[in-house]
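Number of protein chains: 2
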Amino acid sequence: MKDARLAVVGCGAVGRSVLELAGEYGHRVVAVADSSSAAVDADGLDAEAVLERKSARGIVGDADPDAVFDAPYDVLVEVSPTTLGDAEPGFSHVKRALEADRHVVLANKGPVAERYDDLRELEAASAGSVRFEATVGGAIPALSTIDDLDPGHVTAVRGILNGTANFVLSRMAAEGLDYEHVLAEAQDLGVAEADPSFDVEGTDAALKCVILANVLHGGGYTLADADVDGIEDIPGSALDLASEDGRTVRLVGEVSGGEVRVGPRLVPQNGTLAVSGTMNIVQIETEHAGPLAISGHGAGGPETASAVLADVGRLPRL
Amino acid sequence: MKDARLAVVGCGAVGRSVLELAGEYGHRVVAVADSSSAAVDADGLDAEAVLERKSARGIVGDADPDAVFDAPYDVLVEVSPTTLGDAEPGFSHVKRALEADRHVVLANKGPVAERYDDLRELEAASAGSVRFEATVGGAIPALSTIDDLDPGHVTAVRGILNGTANFVLSRMAAEGLDYEHVLAEAQDLGVAEADPSFDVEGTDAALKCVILANVLHGGGYTLADADVDGIEDIPGSALDLASEDGRTVRLVGEVSGGEVRVGPRLVPQNGTLAVSGTMNIVQIETEHAGPLAISGHGAGGPETASAVLADVGRLPRL
Chain A
1 MKDARLAVVG
11 CGAVGRSVLE
21 LAGEYGHRVV
31 AVADSSSAAV
41 DADGLDAEAV
51 LERKSARGIV
61 GDADPDAVFD
71 APYDVLVEVS
81 PTTLGDAEPG
91 FSHVKRALEA
101 DRHVVLANKG
111 PVAERYDDLR
121 ELEAASAGSV
131 RFEATVGGAI
141 PALSTIDDLD
151 PGHVTAVRGI
161 LNGTANFVLS
171 RMAAEGLDYE
181 HVLAEAQDLG
191 VAEADPSFDV
201 EGTDAALKCV
211 ILANVLHGGG
221 YTLADADVDG
231 IEDIPGSALD
241 LASEDGRTVR
251 LVGEVSGGEV
261 RVGPRLVPQN
271 GTLAVSGTMN
281 IVQIETEHAG
291 PLAISGHGAG
301 GPETASAVLA
311 DVGRLPRL
Chain B
1 MKDARLAVVG
11 CGAVGRSVLE
21 LAGEYGHRVV
31 AVADSSSAAV
41 DADGLDAEAV
51 LERKSARGIV
61 GDADPDAVFD
71 APYDVLVEVS
81 PTTLGDAEPG
91 FSHVKRALEA
101 DRHVVLANKG
111 PVAERYDDLR
121 ELEAASAGSV
131 RFEATVGGAI
141 PALSTIDDLD
151 PGHVTAVRGI
161 LNGTANFVLS
171 RMAAEGLDYE
181 HVLAEAQDLG
191 VAEADPSFDV
201 EGTDAALKCV
211 ILANVLHGGG
221 YTLADADVDG
231 IEDIPGSALD
241 LASEDGRTVR
251 LVGEVSGGEV
261 RVGPRLVPQN
271 GTLAVSGTMN
281 IVQIETEHAG
291 PLAISGHGAG
301 GPETASAVLA
311 DVGRLPRL
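Protein chains in written order, with the UniProt record's numbering: chain A, 1 to 318; chain B, 1 to 318.
Hint data in this document are derived by calculation from the structure and do not stem from the laboratory. Keep in mind that the hints are not guaranteed to be accurate.
No distinction is drawn between identical chains; accordingly, a pair holds when it is met within one copy or between any pair of copies.
Unchecked claim - Below, a list of computed lysine to aspartate or glutamate pairs in the DMTMM-like style, where the Cα atoms sit at most 25 Å apart:
id: 1; residue 1: K2; residue 2: D245
id: 2; residue 1: K95; residue 2: D117
id: 3; residue 1: K95; residue 2: D64
id: 4; residue 1: K2; residue 2: E123
id: 5; residue 1: K2; residue 2: D41
id: 6; residue 1: K2; residue 2: E99
id: 7; residue 1: K95; residue 2: D240
id: 8; residue 1: K95; residue 2: E232
id: 9; residue 1: K2; residue 2: E285
id: 10; residue 1: K2; residue 2: E193
id: 11; residue 1: K95; residue 2: E52
id: 12; residue 1: K2; residue 2: D225
id: 13; residue 1: K95; residue 2: E287
id: 14; residue 1: K95; residue 2: D70
id: 15; residue 1: K2; residue 2: D147
id: 16; residue 1: K2; residue 2: E48
id: 17; residue 1: K95; residue 2: E193
id: 18; residue 1: K95; residue 2: D188
id: 19; residue 1: K95; residue 2: D41
id: 20; residue 1: K2; residue 2: E24
id: 21; residue 1: K2; residue 2: E244
id: 22; residue 1: K2; residue 2: E287
id: 23; residue 1: K95; residue 2: D118
id: 24; residue 1: K95; residue 2: D225
Fair warning: this is a prediction, and the values are worked out from it, not measured in the lab.
Given these sequences and hints, build the entire structure.
Right, here's the structure in full:
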């Protein structure tokens, strides 16, 4: 869809980047909401002004957050924080847009991982479509590549899907430092959150794998179906031992044989899966074309926003 | 397009695989031609029978090759050998199909590298569309990924685009053997042709880069615009020297700053571009999402055929 009018829900790193970049992709943001406020302009918001206000006053505008849904938009962009279980309030935002026959593009993983079947049901009853490239692998076009190859011809998907965990493990291996030390370094660099559990416990990677499983199998998976182990208990000595054998340890997520597994795994030091730093990689096993591996930035404001805006471009005219 | 009727011109490794796999992708081959014969069946050919005949008698059928164009087809699949300059007879096959308002999917690089502007002109005047994913990187969805990201947001593309040259260089590096020795080994394995010049001189990689340049810039490039150096003069000592510095040598093709260059280049031994064996990799520099790298099988019957059949699936209904 060209020249789409976007209603953006969420004004964190990704939401801010969507505001900044929408114009370059030929789209217009007509409304934006954060958790406590909204700004609406049917002719298109002044992104710079909104972002300055957010920066200075902590709010995007003077309207109620709900006002976003009354704006004349084509696509609801759901980029508010991922929540688990009932995936609220994100799920209700998506429901509202689809019931109004509008399109939805998500970077919010909650509705797609935890309520996929409900989401597809709402979509089927709507004139609008749902897209969520940004939920898996950030800038890596994992889902559209799988879609393009036809999920039926994809036999397995595995990958390094969390940049924080990968940064920690590759630094531990490269510098011979222990987990606590590298985690603290990552937090200083802004690569890990003050509460890093979502990343280091493997939950973030697991949500992405659950989404992949839903896409490959047409639904039926939630986070509860994933077998998840994180990286908090890996001693530096394990990495040294692995290294003597030409291997290293990475947090790998895999969807194959109907199962979803995330956990630390030994991989060849110079192999495909041994990406460094915060990079992500998605490896797609295909029926006739062998393995395809796509690597790139799995997170970041502009990186994730570019995936969101690419999805807007893929939507059909309403 | 679903359930497409395919007219396949060319019955080498790729053509044979298209015949074998078309059914799995939901399509039907109604005609196939090699250089001296054709077989036609509006209800769909018996692929096994045709392939047996080709194997036993060297021909696909009893009809004249031209008969392929009279079959009731939706998509012409041009998988005959790549030719340079006027790109004939492939170009005329494509012209005929487009003038009959049919779609065209190519694995044949000639028309796309050498006569891109003519091709797009014929396409503009036709109800049919032209697709050519299989011409660059075999199974790697390079062109559809670029298309999806929007060529306007892609600042450069580089890659390892020839499996033969890459195999030779990675074997020279891994085993410390010289060029002649490894080339002979590659020929024994069927990885290099009896006349390997197309691959080792860099022509094949250059054609693929010219195609990428045409896609990124909307035309204007032919093989003559590429600056091409092959791998025939690289001594084993160059690889040893590189290795002491943590690097190796690969035949890299690049499209950037309006230029097209193919030549041997020093790359980090464990870096993204140091793929091994016959694997290919395409690295796409994007404006906001950083670099994306996609690796996979760049050649092979089933691999290339899967790219052809994926293209058929992307075509609009006629």
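Against the structure, the hints come out as follows:
Within a single copy, K2 and D245 get their C-alpha atoms no closer than 52 Å, and across copies no closer than 49 Å, so neither meets the 25 Å cut-off. When the C-alpha separation of K95 and D117 is checked against a cutoff of 25 Å, the pair qualifies only within one copy, where the shortest distance is 13 Å, while the shortest distance between copies is 47 Å. Proximity of K95 to D64 under the C-alpha cut-off of 25 Å is restricted to the intra-copy arrangement: shortest distance 19 Å within a copy versus 59 Å between copies. For a Cα distance limit of 25 Å, the shortest separation of K2 from E123 qualifies both inside one copy, at 21 Å, and across copies, at 23 Å.
Within a single copy, K2 and D41 get their C-alpha atoms as close as 19 Å, which meets the 25 Å cut-off; across copies the closest is 42 Å, which misses it. Only within a single protomer do K2 and E99 lie at most 25 Å apart by alpha-carbon distance; the minimum there is 22 Å, versus 30 Å between protomers. Proximity of K95 and D240 under a CA criterion of 25 Å is satisfied in neither setting, with 50 Å inside one chain copy and 61 Å between copies. Proximity of K95 and E232 under a CA criterion of 25 Å is satisfied in neither setting, with 37 Å inside one chain copy and 62 Å between copies.
In this assembly of identical chains, K2 and E285 lie within 25 Å of each other by CA distance solely across copies; the values are 23 Å between and 33 Å within a copy. For the homomeric pair K2 and E193, neither the shortest alpha-carbon distance inside one copy (36 Å) nor that between copies (47 Å) is at most 25 Å. When the C-alpha separation of K95 and E52 is checked against a cutoff of 25 Å, the pair qualifies neither within a copy, at 30 Å, nor between copies, at 56 Å. In this homomeric assembly, K2 and D225 never come within 25 Å of each other (Cα to Cα): the closest approach is 38 Å inside a single copy and 34 Å across copies.
In this homomeric assembly, K95 and E287 never come within 25 Å of each other (Cα to Cα): the closest approach is 36 Å inside a single copy and 33 Å across copies. Only within a single protomer do K95 and D70 lie at most 25 Å apart by alpha-carbon distance; the minimum there is 14 Å, versus 51 Å between protomers. In the homo-oligomer, the alpha carbons of K2 and D147 lie at most 25 Å apart both inside one protomer (21 Å) and across protomers (15 Å), since each shortest distance falls under that limit. Proximity of K2 to E48 under the C-alpha cut-off of 25 Å is restricted to the intra-copy arrangement: shortest distance 22 Å within a copy versus 45 Å between copies.
In this assembly of identical chains, the alpha carbons of K95 and E193 never lie at most 25 Å apart, being 30 Å within a copy and 58 Å across copies at closest. Proximity of K95 to D188 under the C-alpha cut-off of 25 Å is found in neither arrangement, the shortest distances being 38 Å within a copy and 61 Å between copies. In this homomeric assembly, K95 and D41 come within 25 Å of each other (Cα to Cα) only inside a single copy, at 23 Å, whereas the closest approach across copies is 50 Å. Within a single copy, K2 and E24 get their C-alpha atoms as close as 12 Å, which meets the 25 Å cut-off; across copies the closest is 34 Å, which misses it.
In this assembly of identical chains, the alpha carbons of K2 and E244 never lie at most 25 Å apart, being 54 Å within a copy and 52 Å across copies at closest. In this homomeric assembly, K2 and E287 come within 25 Å of each other (Cα to Cα) only across copies, at 19 Å, whereas the closest approach inside a single copy is 34 Å. Taking the shortest Cα distances, K95 and D118 sit within 25 Å of each other inside one copy (9 Å), while across copies they are farther apart (48 Å). Taking the shortest alpha-carbon separations for K95 and D225, only the intra-copy value of 24 Å comes in at or below 25 Å, while the best inter-copy value is 53 Å.
In summary, the structure is inconsistent with hints 1, 7, 8, 10, 11, 12, 13, 17, 18 and 21 from the numbered list given earlier, while agreeing with the others.
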